Each structure stands twice: as C-alpha cells, then as structure tokens.
Amino acid sequence: MKPYRANLMLCAGTGCVSNHSFLVREALEKEIKKRGLENEIQVVITGCDGFCAEGPLLIVQPENIFYCRLTEKDVPLLVEEHFIKGRPVKKLMYTPPDAKAPVPKMNDIGFFKGQMLVALRNRGLIDPENIDEAIARDAYKAIAKVLTSMSPEEVIQEIKDSGLRGRGGGGFPTGIKWESCRNAEGEPKYVICNADEGDPGAFMDRNIIESDPHSVLEGMVIGAYAIGVSEGYVYIRHEYPLARDRLHIAIDQARDYGLLGKNIFDTGFNFDIEIVRGAGAFVCGESTALMASIEGRVGEPRAKYVHTVEHGLWNLPTCLNNVETWANVPGIINRGAEWFASIGTGDISESPWGGSKGTKVFSLTGKVYNTGLVEVPMGITLRDIVFEVGGGIPDGKEFKSVQTGGPSGGFLPADLLDLQVDFEQLTEAGSMMGSGGMVVMDEDNCMVDMARYFLAFTQGESCGKCTPCRDGVKAMLEILIRITEGKGVEEDLDLLEELSHFVIDSSLCALGGSAPNPVLTSLKYFREEYEAHIRDKKCPARACRQLNVYTIDPEICVSKGHGCGVCRRECPDNAITGEKNKTHFINQDACEKCGVCFDVCKFDAIQIT
Amino acid sequence: MPKLKIEDLQKISDKVRRTTLLREGAGRAKVTVHMGTCGISAGARKILDALLKIIEEKDVKDIILVTSGCAGLCSREPMVTVELKDETPVKYVDLTEDKIRKIFTDHVLEGHIVTDYALAIGSERTR
Amino acid sequence: MITVTIDGQKTEVEKETTILKAADKLGIKIPTLCYNELIEPYAACRLCIVEVIRGKRSRLVTACNYPLRQPVEVRTNSERVMKLRRMNLELLMARAPAAKIVRELAAEMGIEKTRFTIDNPEETCILCGLCVQVCENLVGTGAISFTDRGPDRKVATPYDVTSDACILCGACAHFCPTGHIQMTDIEERILHSELTLGPNTAISIPFRQAIPNAPRINPDYCIHMKTGGCEICSQVCPKECINYDDKDEFEEIEVSAVIVATGFQDFDPAPMKQFGYGKYANVLSAGEFEQMNNAASPTSGRIVLENGEEPRSIAILHCIGSRDDNYHKYCSRVCCMYALKFAHLVKEKTEAEVYQLYIDMRAFGKGYEEFYQRLLSEGVHVIRGKGAEIIPAPPDESSEGNLLVHCEDTLISKFREIPVDMVILCTALEARKDAPELARKLNISTGADGWYIEAHPKLAPVSTTTDGIYLAGACQGPKDIPDSVAQGAAAAGHVIKILNQGELLMDAAYAVIQEEYCSGCKMCNGLCPYTAISFDEEKKVSVINAALCKACGTCVAACPSGAIVARHFTDEQIYAQIEGILV
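Protein chains in written order, with the working numbering: chain A, 1 to 609; chain B, 1001 to 1127; chain C, 2001 to 2583.
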C-alpha cells in the first residue's frame, strides 16, 4: 500500500455538497496531480463534520488543520502553500466570531472542542463508502465480541446497565425494549431502524448514516442477536438520497464480507437488512405509522393498547429504534456499559428512567454563530450548547429562547439556560428531548409568530386521522394567526390553553400529543408577548408585520438617502410617494404592511412603530 | 469476496492502519520535514521523497510524516525534526539522502538518537 | 374474569373486553362516531375517551379499543372526560355542520353552536373512516380511501375519478353515520360498467329475468367465502335468508332424452383493432346496446353516451366478424333485422341520425322487407359498404360527432367519412367455445364452425346422430327467435313421442359379435364412435350394445378375426347384391 503523507478529509455531507464541495474535490485532485503530489497526498470524501454553517470543510491530517468555506479558486494557493511549502494558509482557516486570529486546529475550535463524539465517533475520519476504513476504526468488532463471548441476555444486560435510552424522542430505555421484544411471543421478530427524520432543520440521523453507516448496521446486528431476530429494515426517507446510497453501499459491502447474511462469523447467526424508502410523510416517523408504511398500507398511526414489541410489523414482535440509538450500541459493547453510564446525568441503578446517559446529537440552528450538528454529553447545560458550542448569538443580539426537540418542542426562556439537557429536565420544563432539533431564537423573534410557525408545520404534517390533531390543531392555528394579525381577543388565550390540553390529552399519537408544546410554553414563559399583540396590537419583536406601522424618518431619508426612491419603486401597493432629494411618505391607508420598504432601505430611514 | 472470519477484522485493520493513524494524528513517531523556501532550495524535497520511499520499503505503518515551514536556521537546511511518542523532539541538520536513511533506521525505528547529525535535542517551540 | 367498576357500578367481564363493551353490558352509553361492531376499532374520532383510574394514576383512554386487563375503575362522565368530549364535538361541528348525528350529540351536551371556523356549512363528512375501513377490510375492494392529510383529509376514490375497483356494494353508504355517502351518487357516476353481462358483485341475480329471480352469492367474489369475515349481508337481511353453507353441487339425473339448446356466443370485436372496441367508450357491441335499451338498465332504457348526453348521430355497422374471410365466412342471419330494429329504437327515442353500413340487406322473413321499407321512410341512412375504420374525430371536426367512420359507399363508388357520436357493432353469432367439449360428451358432432350438426339437413333438422338427443335454437347455427322457437317446439315433440312410447324403436341394422370367433383383442372397443362396444370380462369377449350401435360398420371392417357381422350387411347379403347387379 502506498504510504500517503497527508490525507485531505473533504466533507461531503449534504450541506457541504450543496456548497459545491465536489467542485473543490475536483480542483484539489487536479492541482495535486499537476504538482506531482498524487502519490503523497490523498483526498478522502467523508461524511458530514457537522459544522455546516462554514462549509465546504477540509481537514488536513495528520496536522489537524481545519479549513472552511473553500472554493475551487482557493485550491492552487492551498496546495502551493500548505502541501509544498508546509505553511498552512491562515486566511482559509476558521476565525471565531469575537477572535482576531484564526484557529488552525480543528480540536481547538470551540464548536468542536465542546463536543463528545460517541455516535459520531468516525465522522470525518473514514470514507463512509469504504468498509475497510470503518473496520480499521473498530467497526464490527463488537459483533465479533457478542457473537463469540456473550449470550443474548448478557448483551441486553449490558445495554440496560449502560442506561441507553431511545434517541428518537421518547427516551424509552433501550435495554428494556430489547428484553420485552425478546420475551414477546411470536415468530419471526423484526428489528427496524427509523431513519425517517422529518423535523425541519434536523439532520442528526442523516448525518450519522452519511458519515458512518456501519455503526448503524453493526448496532442492528447486535440488537438482532440480543432479541433473536434474523430480519431487519431500515426505513429511510426519500429525501435522503445520499444517505440512502451510502447505506446501500455499506450493506452491500457488509454482505460481501459476510457481516450480514447467513451464518455471520461462522456462529450460525443469520441476519440481513432491507432498506425501505419512505415517501416523505412526517407522521411516518411515528412507529406504528412507519410499520404500516413498510407493510404497504397508508402511513397512519394505529390506535392500540399493545406495544409494538409484542405486535408490531405484520402484527409480530418488532423492536424499532432510531438511527442514533443503534449507532450508540457498538460503542457500548466495545467500551463497556460502565464507560457509557459514566457520561451524563442521574442515577439509573434504581430505575432505568432515573437518568440520561451517554451523549446526544443535536442539530443546532437558528440565531447562533455556529449552526450545524453537534454531539454533546448528556447533562451539558443549554447555555454551554448555545454559547460555547454554538458561539453565541450573532450581531450582538439578545438571546430570547431556545426550542429543543423539533417542531413539537417547547420554547425555553433565558432563565432556564442553565437547565441540564436530559430527558426529565427538558420534559419538566415543558419541552422535550425529541430527536434532537435545537432552534435558538433572539430578540427579533416573536414567540407568538414562532408558535404559529411550528404549529403550521405540525398541522401540515398531521395525518388527519384523529379529531384533536386534525381539527384541534387547525383551530389553534387559526387563533394564533388571528393574534399575529392583531385580531386576537382576550378570551383567545384561555381558549388556546384549553385547546392545547384537549389536543395533548386526546390525540391518538405523539404527533398531536406534543404539537401544542410550543404554544403552551410560549404562553407560560412569554405570555406578555401575547398580551401585547392582543391588548396593544403590537408585536414587541416587530416580526408580525400586520401589527407594524411603517413610517419614514424624513431627516434620514433626505440627508442620507437623498430621497433615493427605492422604497417607492419596490412598494407593491404603491403606498409610498415622494421624489428625488425630498423625503418620502407612506400612505398608511394604502400600506399592506408587507415590510418590503424596510427590507430595501439601505439608510435605515424606515421606522417601525 | 470471501466471507470474513473474526481474525480477518484485525488484518483489514492493520492494512489500513497507516491511513487511520494519519487521520487521527496519532503515531509512534512524527517526522517533520521543514520546507520553507530555504529548505526547498537546499533539497528538502529530496529528503521528503527519500523518507516516503523508506517508509514504503520498510512498510512502516505507525510513522507520521508532516511538512512545515522554515525552522529559522536557514543555513543548516535541509532539516527534519524527529519526535518519538512521549520523547523530546530531535532536530537533524545538513541532511542528505544517506543521512536521513540512517536517522530513520536508527532513531525512528530503533530509538537510538544519531548524535552525529543532530543539532540539538529539545524544541524551541513553546506552546 | 376480572371485576371492573364503571361509573360506580361493578361488573365482571372477560379479560381483554373493551371498556365500551363492558359499559354497554351495564347499560352505560359512551358516545362513539367511528365505532362499529363489525370492524376493528379505528379509534379516530376520540369521542369515546374515558378516564381509567388505577390506584393514584389516572389515564385517558379510548373506550372502543382499550382492553380491560386489570381490575380498574373507569369514569365515563368525569368533568375531565366531559370537557374533552364537549371540545371534540364543538370541533366536529365546525368541520361538518350539516352532520345530524354530531348536532344531536352536541345538543345532548348542551352545545348549540361552535366557536370555531366553519369552512363549509354543507359538509357532512366527519372523517370517521368507517366507509374506508369497510371497503378495505370487510369488502376487500379498497375502492375508496383517505386522500390528502391534516385538515385537508377527505374520503375519495383514486384521483377523484370513478373507480373500476368499486363493486357498487353500497357498504360504505350503509356504514356512513352521517349520510355523507349516498348510493344515488354512485349510480349516476358509474354507467357503462354495469352494461357488461354477468355479475360483478358478490351477491347478485345472475342475469335479468333469471329463474328463479333470486340473488345468489358468487363464491369467487364473496369476502366471507374467502376470509370467513364480513357477513354484512346476513347482518342486514331482515328475513335471515342468507345461507353461507349452500354450495354448488353436482347432481346426476337419469333421463330418457336430451335437448341441446346451448345457444351461441357473441363474437368479441376487440381483436378487430380498426373498430376501436374497448378503446373508445362509445363504440358498443349490439348486445350492450340492447341492454342499454332495457327499461331495467342503469340508464333506464335511455340511449346515452358515456358522458350521459344524448348522441347526435349513430352508426350501425353490419357483419362484424361474419361474412368475413378472416373470422367467420357464414352470414349471422339475424343482424340485418335487429340492426333495423335498433335504428327504429333510436329514431323513436332520440333525435339522432342513424347510418346503416351493410354489405347486403337480408330482409328475408315474413314482414321483414316491409319493415325495411318502413325504416327507409323514417329517414334512416343506408350505405352499401362495410365500415372500414373508426377513429376519434379531430377536435376541430367534432361538431357533428366525436368519432369518424370510414367506409366505401359502393353504390356511388365513393369513400365516405361519417361523423357520429356512437357506433354499434353488429357482431357475429358464433358457436360457443365449449361446444366441441359438449359434443364429445353427448356423442354428437360439430361442423368446422363449431355449430352442432343435425342428423339430416332436410329430413331430420332437429335430430342428431345419437338417438334421443335433439337440437334446438342457435347452437345448431345462427337463428332468430321465431326459428329458434319453432325448432324448440319440434325437439319437444320428438321427446314427447319417445316418452309416450315408453320404448325405443331401433333400426334393424346393427353389428353383432360372434362370440366363438372373438379373440378378445379389444381392438373394436376403442374404434366404435358411439361407444357401443364393451368388453365382457367374464367371457373374455367384446359385446355390442345394440341400442347404441348405428351400424356404421367400422368395427366390422376392423375386426382382425372377422368376428363382427353387420346385420343386413352380412358378406352373403353384399355378395348377393353384387351378384344381382352384375348378372
């Protein structure tokens, strides 16, 4: 094998690919060849590094130099300076928001420093389409271990001892789920990997599959052995073509190596995995709806007071876990339950619900510097995630709220920033762990408007089967729209609350059961914003445009803008009058409050009151 | 492809070991070739090539080879720094291909510092 | 058995009994909208939510599907439950303000009007899903389903168009609690699918005016026969007439005579691509058109196009599959006259123009020519020339008809292009596909076209070569109704003659086996076309049944030992005859 002196780990997650990382790859390979370095330096395509805001990303190993926002134009300089002259190129490195100098090493960047990689341990380190590289990073070692030296009961005990809980949102103790499925009557049994990640802006599962599909497959094999299963499914959403392709490649390679299929490692254990493609319904992330979809029926949740571990797919015992849960399993087997349980909060010796162990992958989005994908230890405070890993709020704005757990998660206020991230504490505060979406909001976000936004999402994704979720959420959304348009009345708040509890209490599945969370938490922590909308007909964050009054400061308009007239031309309602070098004026009767004038004025002459 | 046996996992792992170590930045030893303008004009490129060749010949898997800029002592180039794990780095100066071969076999592989070619033990870099 | 307390009343129920059933036993009514005993609980309306209390824990569950497993306390009318129920009904009132059942339930709870937005004041569908469940799980057709999602969810057929999967069973309408699904809707939408002969539902009267005129279950379609489920019919039949155990049976009947009156089958014009039958909706076969004219048809005897409109013009094409070298060379005999009848019906019922495209007009019977003349005076266009092709009219030329019929008018030697809305194909009468099979069974014969052959075309047109078996009607060849009736009467007369005689007159000429010469080789057994020869195992000789023997002489010629003698045709008699001729 040719010894390379450097590996260029180029991120090819969906984020970086859409930022043209494949163009960078082409340029790199061309330039390296031109310089005759093709036998010394290798370009490796990796899964997502998580720092999607700064893509395309390139990490040069072994030096651990981190380059970001690369374009193909940067490539000749980079190769000349770094790979020929050995001088890393500062201007292509990452500079943290408040710092003056760039940070060369990946491990020193706050975004990466605060993270702890368990499920994502191989991200950026292996080519996800090459099983050998995964094996060199200990993939499939855990299968060898359980198949040769552990009984299924011991595996289940190990998972129980680790304190691993479902990462898909429910937080059900994984070991107990496996055990119930193992003990359930009925043959054959199935394991399913839920990769139907539908939360807007969340891409934890996609990332894991794209960067290290083998960890998921290995986790499923181990689970299958522990439960006594020979058939597994990965239900992956149609919108994840890259993840699906990599998973296909990984499964093919694993089959070639006999790591899937009949008689794995000559132990007589058989297990194989089939990929099922979802068709883009959010509700199919719900386990019974997902199973209905695999069976070829309409993806609707099923109302039954029996667990899917007993009557799941085709009415047979089925163990469904989320991608991240499966990906955590090999690490627990390799490094031991004790190691895993040492990370996180609480005490699981009394009850498996007593603590949250291990790490959690979050997709950090919204008003933070470092948006992207982060894996952090359980028990980390929200403050650390937002301000250390996330780098704080951009543009000197004030933090207002963070929503955890996807579109059905609650909004947590600044007072709760020191809340530790674990299943119980988040639930208690009115939010949830969910599958790991995390949206940060600043002073410019109106909480009523945000609640409306997320409710509009859940309404659109409701399957419509049960009355509360279909018609209750619709009624709530109508009220919220009313309030954001300044047509709300005082009684609306009580009605909203009543409806919220009705929807939570009587919905068929968790989609409806959690949809009102944004409304309830915003009512609880940001009630004054609702009151301002209703009583004063004002939106404090000025996000609800229907409540804004747009006026033009004549002073600024003339002195700075010289009556440039951009606003007049852009106004779709022709509500603005004025001429060059004179101040402009908005006719309030004609103004439809679209806010275009505010957006286009370069001189900040448009005022909102 | 033949079906894997458990021991094959280790074989594959060994095969790709060099790559993975390279990426993790962890090896038994790190050899830095200083490749500033001075180094390049003094023949650092040849030293780098020679090192790559030796590594391939000897099929060494746990050595990391990196390049860096000028070390400041331009008159004594080509120069390399050899850093064994948990040991102080050693700088070698005025190198030729023969010298580097000896340094590699004696110091990097066997652990004996080649004092004849060494400039100093220790590093001026502070971190 | 476990003891549960519902609203303070104690009762014992089997484990896994649902709360709804347990409450019903106690006479406690829990309101439901999406529940029906025949169907697995769908638990979508959430109206039946009750509170289950065990120790200090209280839980809200749907009564329709919550199985009782432990001794628990259930409250069906606690304040918490009632609050949810009120809100639920208020929301449903906003969704389906015109649904009577919702209004009534709401009124019971003291709700007169809803606080929520009403999108459609006429809406009656509450999306309970009963219809979809019935169609998919009980009927097994899956013709309707939910489409779209969230608040836009609705019940529909695929792509909102009439679905061939619908078997018009009406189960959905029967189960709908609000009357949202009406059978009248379906009747209007589905028109021509009913025009095919034969049943397409599991229960039907086999054909119109069947005797007995009673419905029967088709086991190929019946869900119950397939799965053991469904049984909707027995649930709805007020007279308990449904008997699932009735099975098709084979019965053996001993008879003295047989009349074969198996009729003909219609020629399928689909392979004649030029006519577009099966491709264009308004190209009908004569049989289909005849059915449409029946007062009991889905159109109530009206002549309409597929879209329900009256046609502006109709072409009737003669000799489809008959008098055609590629299909049947014979003349189907009846088409000319029924085509004229069709023209008459069209003229009587509609304003449409009628074009007859014929090769030769064969109006041969009594009064037929007069009928033809009358039709001509009614303004029916007759064109001597066979229809060549039917194509859809280009949009800019569709003002007079949506189809174009190409033909050659041989009387004026011109090609013509006739625009019409509807085409009727006068398809050939052909022998039934299974005619040869029956012929083998009955020991009678068929001609090259498959029609049964009579014993003598002039002297015995009703008899067959097998005694006691007679032919009647179109199984013998194309025949109209008067001819068929006449032949039927003749066959009946023959049979009555046999039955009254009590004995069978047989021909004196038949073959006899001389036992002393028979070697028992059995060669003659298989050769006899009338299966008259059998083998006597005891005597080890072959025996001829004189009643079956037709004296054809095959066995006589074939017997290697010369053991068989044909009576009246013995060697001596034949020699004598030869001698008589020669001398």
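Source of the hints: derived by calculation from the structure; they are not laboratory data. Please note that a few of the clues may not be correct.
[To be verified] Computed Cβ-Cβ distance ranges for the label pairs, DEER-style:
1) C:Gly2308 to A:Glu531: 55 to 65 Å
2) B:Glu1057 to A:Ile176: 32 to 42 Å
3) A:Leu495 to C:Gly2179: 47 to 57 Å
4) A:His238 to C:Ser2058: 47 to 57 Å
5) A:Pro200 to B:Gly1043: 33 to 43 Å
6) C:Arg2416 to A:His238: 51 to 61 Å
7) A:Asp418 to C:Ser2058: 54 to 64 Å
8) C:Glu2249 to A:Ile275: 19 to 29 Å
[Stated by the list, open to error] Simulated pairs of lysine-lysine, DSSO-like, Cα-Cα distance not exceeding 30 Å:
9) A:Lys105 to B:Lys1030
10) B:Lys1053 to A:Lys33
11) B:Lys1053 to A:Lys30
12) A:Lys33 to B:Lys1061
13) B:Lys1030 to A:Lys85
14) A:Lys30 to A:Lys100
15) B:Lys1099 to A:Lys85
16) B:Lys1053 to A:Lys34
Bear in mind the structure is a predicted one, so any value in this text is a computation, not a measurement. Just so you know, even glycine gets a beta-carbon here, dropped at the ideal spot from N, CA and C.
Right, here's what the structure says about each hint:
1. C:Gly2308 to A:Glu531: 55 to 65 Å: Between glycine 2308 of chain C and glutamate 531 of chain A, where Cβ atoms are some 59 Å apart, the hint holds.
2. B:Glu1057 to A:Ile176: 32 to 42 Å: 56 Å, violated
3. A:Leu495 to C:Gly2179: 47 to 57 Å: Since leucine 495 of chain A and glycine 2179 of chain C have Cβ atoms about 31 Å apart, the given range 47 to 57 Å is violated.
4. A:His238 to C:Ser2058: 47 to 57 Å: Between histidine 238 of chain A and serine 2058 of chain C, where Cβ atoms are some 41 Å apart, the hint is violated.
5. A:Pro200 to B:Gly1043: 33 to 43 Å: 58 Å, violated
6. C:Arg2416 to A:His238: 51 to 61 Å: 56 Å, holds
7. A:Asp418 to C:Ser2058: 54 to 64 Å: Because 33 Å falls outside the window, the suggested range is violated.
8. C:Glu2249 to A:Ile275: 19 to 29 Å: Once the Cβ atoms are compared, 52 Å apart, the range 19 to 29 Å for isoleucine 275 of chain A and glutamate 2249 of chain C is violated.
9. A:Lys105 to B:Lys1030: 17 Å, holds
10. B:Lys1053 to A:Lys33: 19 Å, holds
11. B:Lys1053 to A:Lys30: 23 Å, holds
12. A:Lys33 to B:Lys1061: 24 Å, holds
13. B:Lys1030 to A:Lys85: Holds - the C-alpha atoms of lysine 85 of chain A and lysine 1030 of chain B are around 18 Å apart, at most 30 Å.
14. A:Lys30 to A:Lys100: Outside the cut-off at roughly 33 Å; violated.
15. B:Lys1099 to A:Lys85: 22 Å, holds
16. B:Lys1053 to A:Lys34: 20 Å, holds
In summary, the numbered hints that this structure violates are 2, 3, 4, 5, 7, 8 and 14.
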